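Novice: Take a look at the letters that make up each chain.
2 protein chains.
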Amino acid sequence: MADTLTIALDAMGGDAGADMVVPGAALSAERHPDMRFQLFGDQARIAPLLDKHPKLKERATIRHSDVFVAMDAKPSQALRQGRGKSSMWQAIDAVKLGDANCAVSAGNTGALMAMARFVLKTLPGIERPAIAAIWPTLRSESIVLDVGATIGADAQQLVEFAIMGEAMARCLFGVEKPTVGLLNIGVEEIKGVEQVKEAAQLLRNLNLPLEYVGFVEGDDIGKGTVDVVVTEGFTGNIALKTAEGTAKQLAAYLKLSLTRTLLSKIGAVLAFDAFRALRDRMDPRKHNGGVFLGLNGVVVKSHGGTDALGFATAIDVAIEMVRNDLVNKIKTDMAGLGHANAAIEADALPAG
Amino acid sequence: MADTLTIALDAMGGDAGADMVVPGAALSAERHPDMRFQLFGDQARIAPLLDKHPKLKERATIRHSDVFVAMDAKPSQALRQGRGKSSMWQAIDAVKLGDANCAVSAGNTGALMAMARFVLKTLPGIERPAIAAIWPTLRSESIVLDVGATIGADAQQLVEFAIMGEAMARCLFGVEKPTVGLLNIGVEEIKGVEQVKEAAQLLRNLNLPLEYVGFVEGDDIGKGTVDVVVTEGFTGNIALKTAEGTAKQLAAYLKLSLTRTLLSKIGAVLAFDAFRALRDRMDPRKHNGGVFLGLNGVVVKSHGGTDALGFATAIDVAIEMVRNDLVNKIKTDMAGLGHANAAIEADALPAG
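Protein chains in written order, with this note's numbering: chain A, 322 to 673; chain B, 322 to 673.
Keep in mind the hints are simulated off the structure, nothing from the lab.
Source: prediction; values computed, not measured.
Worth double-checking, as some hints may not be accurate.
All copies of an identical chain are treated as equivalent in the list; a pair is satisfied when it fits inside any one copy or across any two copies.
What the hints assert, rightly or not - DSS-like, lysine-lysine: derived pairs with alpha carbons at most 30 Å apart:
1) K650 - K544
2) K498 - K376
3) K417 - K406
4) K518 - K569
5) K544 - K569
6) K376 - K544
7) K569 - K586
8) K378 - K406
9) K569 - K498
10) K406 - K395
11) K373 - K576
12) K378 - K544
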């Protein structure tokens, strides 16, 4: 008996804009018969698309705007020009005003983060928001953050990422004490940069609902060694893109191999179901949705190039975060961290 | 009509030590009938293995040593304890003394780099050596460096990596002007860290045998967008390990899919040749060999867990580097860079 939620959608975001967002919302409406949708964007473009999806139309409102953030706009420029009036801004603003429970956009990542940060503000104690990716693993799924919200992070910020990731893992995986690892490299002596070593020290002493298991390396991500992999945005983004590239590369090799000879083609036909299962598992549309963490509201970024199915996945992720109270989980943990810090500082005071 | 070369092998390195190195050398001896081998390590363990490979034995010398660097030793400790007398040290020293043309070891990476640096010294103008990986791509192969020699790199060091990578690409791929890209992330405004942006500026103005094409992202590596991908060691190591992890993950998915039903099993049998071709292409033993760049001699690091076939590949890589005069190519380019810098400085002097 889930509550009715309202989802704010930036209908103009993504490579295909409303042509992808509206059918994506329609898919989502089928999956979640109790959701309502607010579609922000050009009324003239959205209305005819909505007519094609009567079931969605019943539960959707169009919120007209005629300013749109270009996919290649610079965040500062988008913020200047799109402030107040762009479809992206208004979708986020709906979350702030309490008109919607979360916002989903397939638009420009940098602009979305800049606006979300500006409108929703960061949570108490959070210096920097992060973008968390849901990464398919051999075990199931893991959360990797930050994958590109900002470059570089000091030890304290890495600890904040760990806390935000742990809260998201509790929402997504339903585990009580998610395992957390710090991404590092395996050269013994010079193991890691200073801030990673320092973050490890801090994480070991936290009294929060997470189990810090130590350093993990790049190949641990795909293995699913931990529920949450913590790193700064530059490395995280490169790891994510490298994995995507490798997956595409291997899919291309497989296709090439299977179409080489008649026999291999016949084999491929017989094993069709197997390949469909494999494609399903590797389908990036089923792992779509970068969650913005550390903000006073739920915002999810969909891949810009995705289709309706992928966009519906991103909406699923946003709903999961709202239903499981992501923002309050992070708030509570950060408050706990504050108390812990105060206790540590108190301990450090001279006795008597 | 290739010259006879002598290859120094650390026979005690790697998870399996001499049991893997000697058969690996035997494979290499078959491939290269004009090579000679020096096997550094425990005579009592090497001699009986050598007896099993008479063809190798004819062209191999055992250089006894009874100090071995443990796979998990700290580099500084290995340097202290293994200095002068360990099999690893002596293999590198043979290169310095001119007894061998190159050294190959499957031992402890950190220790090997520390010793190589200590014994061979860095080339004039090179502040820091790098480890370069040969990365299979959709196009063919690319070089990625640094994958873990050191953490962090300033703009000048990134430029040195670009030059060393370009020289290696000329040796390995036979191209005259390899394309070079700087690994970066795609968030527009904050595009990259300062040193990466500064390195881009420097690379644009170089008059060297390389074509700087700009920033590349993680997914460009597998695509083969450029011949040489330049990054600092922390990010490079994580990208490499992440790709390895993803490849293993997908191979596991594929296996799982193909053994799911009887039909898929039959299909897999029919497509056996296709899968063999795929496995071949993905075989990490065929892409084995991290090349140490920037040193006064050729040292190649084999994966510690590889087998004879993989070790023979690492020897192949070392031979290629010697035959194509890697060290002198880097020296020449660095000298050219020096002239260029001098010219720039001269231009900056007040005229008259």
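Novice: If a hint holds in the structure, say so; if it doesn't, say that too.
Specialist: So, going through the hints one by one against the coordinates:
no. : hint        : in the structure
1   : K650 - K544 : within (27 Å within a copy, 40 Å between copies)
2   : K498 - K376 : neither (40 Å within a copy, 59 Å between copies)
3   : K417 - K406 : within (15 Å within a copy, 69 Å between copies)
4   : K518 - K569 : between (34 Å within a copy, 28 Å between copies)
5   : K544 - K569 : both (18 Å within a copy, 9 Å between copies)
6   : K376 - K544 : neither (41 Å within a copy, 42 Å between copies)
7   : K569 - K586 : both (20 Å within a copy, 24 Å between copies)
8   : K378 - K406 : within (24 Å within a copy, 79 Å between copies)
9   : K569 - K498 : between (33 Å within a copy, 28 Å between copies)
10  : K406 - K395 : within (17 Å within a copy, 59 Å between copies)
11  : K373 - K576 : neither (36 Å within a copy, 42 Å between copies)
12  : K378 - K544 : neither (42 Å within a copy, 42 Å between copies)
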